[in-house]
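A.B. asks: Top to bottom, those sequences are chains X and H.
Everything in the first sequence is counted per our numbering, starting at 85 for the first residue and increasing by one.
Everything in the second sequence is counted per our numbering, starting at 85 for the first residue and increasing by one.
Bear in mind the hints are in silico, worked out from the structure with no lab data behind them.
All values reported here derive from a predicted model rather than from experimental measurement.
The C-beta atom is built at its ideal place from N, Cα and C for all residues, glycine as well.
Mixed in with the good hints there might be a few duds.
Taking lysine-lysine pairs in the DSS-like style, the calculated list, with each CA pair at most 25 Å apart, reads [stated by the list, open to error]: (1) X:K159 x H:K203; (2) X:K189 x H:K293; (3) X:K203 x H:K203; (4) X:K125 x X:K293.
Quick partial rundown of chain X residues pointing at chain H, CB under 8 Å, derived from the structure [as the list claims (entries may be wrong)]: (5) G105; (6) L190; (7) V193; (8) I195; (9) F223; (10) H227; (11) V249; (12) A255; (13) D280; (14) N288.
There are 2 protein chains.
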Amino acid sequence: MSKEISQAVIRRMPRYYRYLGELIDEGVERISSNELSARMKVTASQIRQDLNNFGGFGQQGYGYNVQYLYEEIGKIMGLNEQHNIIVIGAGNLGQAIANYVKFEKLGFVIIGLFDVNPKICGRKIRGNPILMLDEIESFMDGHKVDIAALTVPKSEADAVANRLVKLGIHAIWNFAHVDLELLDDNVVVENVHLSDSLMQLSYNIVKSKNDN
Amino acid sequence: MSKEISQAVIRRMPRYYRYLGELIDEGVERISSNELSARMKVTASQIRQDLNNFGGFGQQGYGYNVQYLYEEIGKIMGLNEQHNIIVIGAGNLGQAIANYVKFEKLGFVIIGLFDVNPKICGRKIRGNPILMLDEIESFMDGHKVDIAALTVPKSEADAVANRLVKLGIHAIWNFAHVDLELLDDNVVVENVHLSDSLMQLSYNIVKSKNDN
């Protein structure tokens with residue numbers, strides 16, 4: 085799959101995946117782009133365009149096979165493989181991530197939590213004891229880790245991230261409110277900047293007041 | 085401000101705001117789009133285009149006034165006003181949000197936390213006691229609330245959200261993994277779907293393996 089698909093399209097895929105999962109739960113086997121459009125509040129042409137990026141799974145006048153489409157999008161998103169995650173920073177946010185059962189259903193399994201605070205060391209979050217960050221090197225020796233979720237303060241983020249990169253981490257799920265400066269450009273980073281999301285909301289509040 | 089600005093541009097504004105804030109901290113008074121481009125790893129033409137949406141703040145050959153631009157973007161994003169937030173669902177994620185000092189610096193002040201679990205009722209998070217959800221009606225009587233952050237299970241999300249909308253809430257910061265079905269179309273919703281973000285990361289991991 086060397087064809088370049090825009091990140092905008094990719095960003096919409098998890099939503100398709102979610103809706104298709106709900107259709108499966110409801111026992112729906114086939115769905116037309118028009119019906120999916122009505123549910124998802126996206127135009128049918130957008131749906132056809134998006135799914136065409138992946139070769140298209142539909143048949144004219146017949147609709148999409150829900151289960152097939154669900155599985156294909158899953159494969160495209162890499163959900164056919166298990167991803168092992170470690171969480172760096174076991175404060176409230178780190179613990180929230182480690183407690184989120186939904187991730188495991190998608191194949192994202194938390195296998196370790198690390199913090200620098202000795203007071204919470206050893207506390208168990210869904211079976212995983214919080215380890216001290218200094219144990220990370222020996223931990224990485226014995227475990228396959230695919231993703232590091234980073235919930236450390238902004239000031240520590242670059243140093244911790246690069247320590248992980250040196251240990252062979254290739255993917256970082258970054259919650260620190262900073263764009264990471266990494267030693268290796270090939271590391272994949274996905275940012276969750278909660279402040280940015282809140283500002284976006286605040287913009288839309290102002291806008292909606294002015295529009296009405 | 086009735087001109088329609090694309091949400092894609094708006095999504096980039098918080099990042100400008102963050103970088104400008106850092107420049108102010110460093111004592112930088114003026115910056116050219118080229119210098120900003122090098123820092124932000126965005127093309128200078130993208131920067132000029134983005135900022136032109138707001139009438140443009142730069143002067144040819146002179147650069148941007150950092151403080152002025154910071155304040156103007158702040159105003160556009162509604163950060164010149166305080167926003168009061170209540171958090172519905174005081175589990176790990178709700179507590180993480182309530183503990184995040186950074187939000188307050190941006191004018192987002194948590195004034196209440198609510199949960200249905202009597203075991204955590206009364207526990208204080210940065211001065212705010214966790215209240216029972218059944219107290220929400222009387223709470224709303226005496227407080228101005230601008231935003232409700234929703235960190236409740238997917239199955240409860242629509243019911244809780246609509247209860248808030250009936251109480252006059254106009255903006256929801258939704259962490260439940262569902263697109264809310266609201267009784268009032270004028271409510272502003274900003275979603276933070278963590279599973280979607282994780283799937284996006286997983287897609288890019290697969291892609292980066294195939295590219296290399």
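A.B. asks: Look at each hint and say if it fits the structure.
C.D. replies: Each hint, compared with the structure:
1. With a C-alpha separation of about 42 Å, the suggested pairing of K159 (chain X) with K203 (chain H) is violated against the 25 Å cut-off.
2. Only pairs whose Cα atoms come within 25 Å are accepted, and K189 (chain X) paired with K293 (chain H) is accepted, the gap being roughly 23 Å.
3. The suggested pairing of K203 (chain X) with K203 (chain H) holds, with an alpha-carbon distance near 23 Å, which does not exceed 25 Å.
4. Among the hinted pairs, K125 (chain X) with K293 (chain X) is consistent with the structure: their alpha-carbon atoms are about 24 Å apart, no more than 25 Å.
5. Against a cut-off of 8 Å between C-beta atoms, the interface hint on G105 (chain X) is violated, since the closest Cβ of chain H lies about 11 Å away.
6. Of the supplied interface hints, the one on L190 (chain X) holds, with its beta-carbon coming within about 6 Å of a beta-carbon of chain H, less than 8 Å.
7. The interface hint given for V193 (chain X) is violated, since its Cβ lies 12 Å from the closest Cβ of chain H, which is over the 8 Å cut-off.
8. A distance limit of 8 Å between C-beta atoms decides the matter here; for I195 (chain X) the minimum to chain H is near 15 Å, and the interface restraint is violated.
9. With a cut of 8 Å, the hint placing F223 (chain X) at the interface with chain H is violated, because the nearest CB-to-CB distance is about 20 Å.
10. Taken as an interface hint, H227 (chain X) does not check out: its beta carbon lies about 17 Å from the nearest beta carbon of chain H, beyond 8 Å.
11. A cut of 8 Å between beta carbons decides the hint on V249 (chain X): the least distance to chain H is about 14 Å, and the hint is violated.
12. Evaluation of the A255 (chain X) hint against chain H yields a held restraint, the C-beta minimum of about 5 Å falling below 8 Å.
13. A cut of 8 Å between beta carbons decides the hint on D280 (chain X): the least distance to chain H is about 4 Å, and the hint holds.
14. Checking N288 (chain X) against chain H by beta carbon gives a least distance of about 5 Å; that is within 8 Å, so the hint holds.
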